[in-house]
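*Asks:* One line per chain: the protein sequences are A and B, in this order. So in the working numbering, spot 419 of the first sequence is number 419, and the numbers just go up one at a time. Offset between the second sequence (1-based) and the working numbering: plus 632.
It cannot be assumed that every hint is accurate.
What the hints assert, rightly or not - Cut-off 20 Å, straight-line C-alpha distance, at most; resulting in silico cross-link-like pairs (SDA-like, lysine to any residue):
{"no.": "1", "chain 1": "B", "residue 1": "LYS666", "chain 2": "A", "residue 2": "MET334"}
{"no.": "2", "chain 1": "B", "residue 1": "LYS666", "chain 2": "A", "residue 2": "GLY281"}
{"no.": "3", "chain 1": "B", "residue 1": "LYS834", "chain 2": "A", "residue 2": "MET334"}
Said to hold, decoys possible - Far from chain B by the CB rule (all over 12 Å, computed), these chain A residues:
{"no.": "4", "residue": "GLU100"}
{"no.": "5", "residue": "GLY131"}
{"no.": "6", "residue": "LEU135"}
To be verified - To spell it out: a stretch of chain A is covered by chain B in this simulated footprint if at least three of its residues, at any positions, have a beta carbon under 8 Å from a beta carbon of chain B; those stretches are:
{"no.": "7", "region": "57 to 66"}
{"no.": "8", "region": "113 to 121"}
Simulated from the structure, these hints should not be mistaken for laboratory data. Just so you know, even glycine gets a beta-carbon here, dropped at the ideal spot from N, CA and C.
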Amino acid sequence: MLKWRLNSSQLYRCYRYATINRYFLTSTGVKSVQPTPSVKPRQSSILGPEHSFALGIFNNKINIKQIFPFPDALNDESKDTVKLVLNSFGRYFDQVHDAERNDVNESLDQDAFQTFKQLGGLGLLAPEEYGGFGLLRTQYARLIELFGSHDLSFSITIGAHQSIGYKGIILFGTEQQKQKYLPLLSSGEKVAAFCLTEPTAGSDANSVKTTAVLDDDGKHYTLNGNKIWITNGGLADVMVVFAQVPRSKDDSEHTRNALTAFIVERDFGGLTSGPPEKKMGLKSSNTTSLYFDNVKIPVENVLGKEGEGFKVAMNILNNGRFALSALMTGFTRMLLSKAIQHVNQRQQFGHKLIQFQSIQEKIADMAMSHYAIETMAFLVSNNMDRGIENLQLEAAIGKIFTTETAWNCCDECIQILGGAGFMRDNHIERFMRDVRVYRIFEGATDTLKQFIASTGIRSAAKMMTQRHLAMKQSQSNSAILMDDDSLNHSASLPNGDELLEEVASPLRHSALKLVQQIEDFGSVVEHLLFKYGKSIANQQFLLTRIANASIDLYVMAAVLSRATSAINEQLPTADHEQLLATTFVAKGCERVKGNLTSIMNPESLKSFDAFSQIANEVSRNEDISTTRPIGF
Amino acid sequence: MALRVLVGCKRVIDYAVKVRVKPDKTGVVTDGVKHSINPFDEIAIEEAVRLKEKKIASEVVAISCGPKQCQETLRTALAMGADRAIHVEVPEPQSHTLEPLGVAKIFSKLAKEEDAGLIIVGKQAIDDDCNQTGQITAALLDWPQGTFASEITVEGEHMKVIREIDGGLETIKVKMPAVVSADLRLNEPRYATLPNIMKAKKKKIDVKTPADLGVDIAPRTEVLSVEDPPVRQAGSKVEDVTELVGKLKSHGFV
């Protein structure tokens with residue numbers, strides 16, 4: 001065993017940082033889909049996390065294989081199925097579904113819901129052998145894109161049921177559990193819910209207080225506690241509930257809690273749901289508290305294993321994130337249509353609105369936003385279908401980017417429509433009320449950003465430590481050949497050659513800009529590690545900006561890939577897509593520059609200290625800490 | 633009674649799409665544009681499937697003539713309940729010159745080959761609005777026809793057809809085998825549910841060519857140009873009847 005002496009306290013700090021308790025990480029990769037004939041043969045060479053672009057940029061690597069060429073995992077037959085399904089559901093939304101009435105009545109029309117169930121809408125993701133339709137991620141994404149353009153509230157009712165609700169049973173269920181529950185859930189005879197949130201546990205999933213104690217006979221767990229804000233809480237018969245199983249070897253004070261997932265049926269008794277919450281939006285979606293009073297859960301209903309609850313929860317959420325991106329795709333498409341319609345006919349000051357530059361800027365921004373959102377939705381879903389497992393970073397990036405961008409898009413759409421945008425009749429206000437919570441649930445933006453940044457930086461710390469170790473090893477044994485890439489690299493620049501070769505030539509200039517930003521990003525990450533070491537984990541001002549930059553870099557790469565495919569395939573829209581892509585990259589690089597500058601600039605760092613100080617002062621004062629201009 | 637029903641399904645540009653004329657004026661833009669089953673043909677399929685559910689028809693065969701994408705249209709028909717389908721493949725650009733006469737010849741050939749007892753088509757396609765295929769097919773087969781049907785009832789060897797005509801409704805009795813063309817109020821087509829779409833994947837689509845059927849589908853007409861309708865001119869208001877008559881006279885209408 002090589003004994004190495006630290007020759008740099010900074011590198012030591014990196015090593016320590018890399019090995020501290022991995023709060024978010026462990027093996028929370030996305031569960032893979034079993035290979036089916038509907039997907040083109042996998043390229044096994046690109047599946048591993050070493051090919052992740054998002055992770056790579058933290059390590060001065062530009063891994064393009066999971067992005068270029070833009071994946072297209074569905075074969076023709078799968079695409080045909082989607083088209084047929086789109087027709088049926090399209091008709092449902094045009095003729096049967098009334099989102100406005102559901103919102104006004106704060107309830108879901110049951111007749112329409114019944115028709116939706118008959119269409120098969122609640123069994124889209126369950127495998128065929130369990131009564132579902134076994135749609136692939138990409139098929140599901142294209143389908144729910146339609147839902148997102150019609151009703152973001154209904155989308156959550158059905159998403160909570162299948163995308164995160166019984167998804168847990170699909171991913172972690174035993175054969176018996178799947179046979180028992182999935183057929184009933186697919187037909188819609190029973191509805192599912194995902195039950196994690198509690199008063200003390202929102203982003204911090206581990207602080208769940210609901211307990212499940214194993215009975216002495218070892219046959220049941222007794223569940224006690226409560227959950228809040230559970231979608232479908234009042235309707236669901238089958239719930240995936242996360243509770244702490246207290247484990248103590250003896251009667252000592254120190255009980256370790258093992259967060260565990262359980263399949264709980266309302267029929268077990270002892271379970272009550274509160275009244276429907278009154279919400280800003282998602283009014284047709286049923287959101288309630290749940291109370292567990294000595295609910296007896298048979299041991300066969302543990303989902304996954306005891307203590308795996310966190311992994312189960314994270315996997316389920318990861319697996320569902322692409323779906324939110326797909327909803328945002330349909331949503332922004334609808335917004336852009338409405339905006340275009342308006343600016344083409346509305347006249348003020350003697351001109352159609354589209355002729356004014358300030359409107360052109362907003363419309364261009366919406367068009368680029370939609371393009372990028374759609375790109376992300378289909379990149380992540382296609383990659384999942386291709387069998388790439390470790391997509392938690394990409395899924396998180398997708399969720400943050402698409403929900404935040406869609407929110408801004410909605411805001412601008414209302415602004416473009418002016419007073420009309422504010423009126424209920426135009427429905428945009430309902431969408432805005434519905435979409436606000438998308439930035440909060442299923443992984444709040446701010447929490448996910450910290451996750452992305454810390455995962456990336458930890459990976460960079462590990463790589464740097466490995467390089468250091470390898471260098472030390474080779475120094476003490478000169479016979480070892482130094483052909484390891486990471487050795488020769490040392491803290492060197494990322495290699496952008498592959499990227500520059502892959503993009504279509506009209507996009508090469510944009511790709512160069514992107515590579516430049518990736519280089520700068522890598523240097524900043526290294527700088528932060530050297531400067532802060534382990535304590536970088538608490539530097540949220542910096543981590544947020546790192547996350548912002550990494551999100552922009554990833555989305556830019558994705559957009560360039562999609563535009564490259566459009567150009568190479570000579571699509572009729574190739575020119576416009578090229579324009580969108582190059583403009584998006586130009587703006588994105590500016591944003592990245594801004595974020596990186598504010599990390600490196602000593603003036604910004606002073607501002608960050610000031611932010612903390614301001615926040616602490618008003619917090620201590622428990623109030624605003626200024627004097628009114630007129631003195632009282 | 634082993635009644636085999638053939639149903640014609642045309643793949644047309646979706647009714648909701650804003651149609652654009654091609655810059656060279658030879659037709660409309662179809663590339664990348666959303667297509668779907670002709671709405672009147674969907675009504676025809678629905679009627680045939682209902683006949684099967686009432687145990688009057690024993691088999692429903694959907695037919696479509698055109699390029700490869702017609703198979704999507706046929707899948708919709710199968711998902712609605714047709715038992716099998718026949719795709720008569722006519723590749724682009726030839727498919728754009730396919731006329732009702734050609735299609736009618738194909739249908740009559742297939743009717744004989746498949747020993748059909750009833751042919752239902754939509755009254756017209758929403759792209760060319762010809763309203764001819766049903767009628768020509770009946771003539772070629774020398775079968776009676778019940779066009780613009782808003783209700784059909786099979787009574788043994790006869791069929792009662794209620795037709796929508798300008799003056800109201802006309803009821804006729806036709807002897808089978810016959811051709812029916814479906815009008816809007818014949819029925820309301822069902823949704824293709826996912827379970828049925830999945831079942832339809834296992835149903836058969838036979839592919840044939842006009843040559844296989846010995847049919848000549850060469851067009852008898854030539855499209856000279858396709859243009860947008862003229863932009864509607866603004867009207868003008870008149871104060872009274874005298875002014876109205878004066879304007880009519882000066883424009884040469886009276």
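*Asks:* Please go over all the hints and tell whether each is borne out by the structure.
*Replies:* How the hints compare with the structure:
no., hint, in the structure
1, B:LYS666 / A:MET334, "17 Å, holds"
2, B:LYS666 / A:GLY281, "33 Å, violated"
3, B:LYS834 / A:MET334, "35 Å, violated"
4, GLU100, "20 Å, holds"
5, GLY131, "9 Å, violated"
6, LEU135, "9 Å, violated"
7, 57 to 66, "violated (count 0)"
8, 113 to 121, "holds (count 5)"
In summary, the numbered hints that this structure violates are 2, 3, 5, 6, 7.
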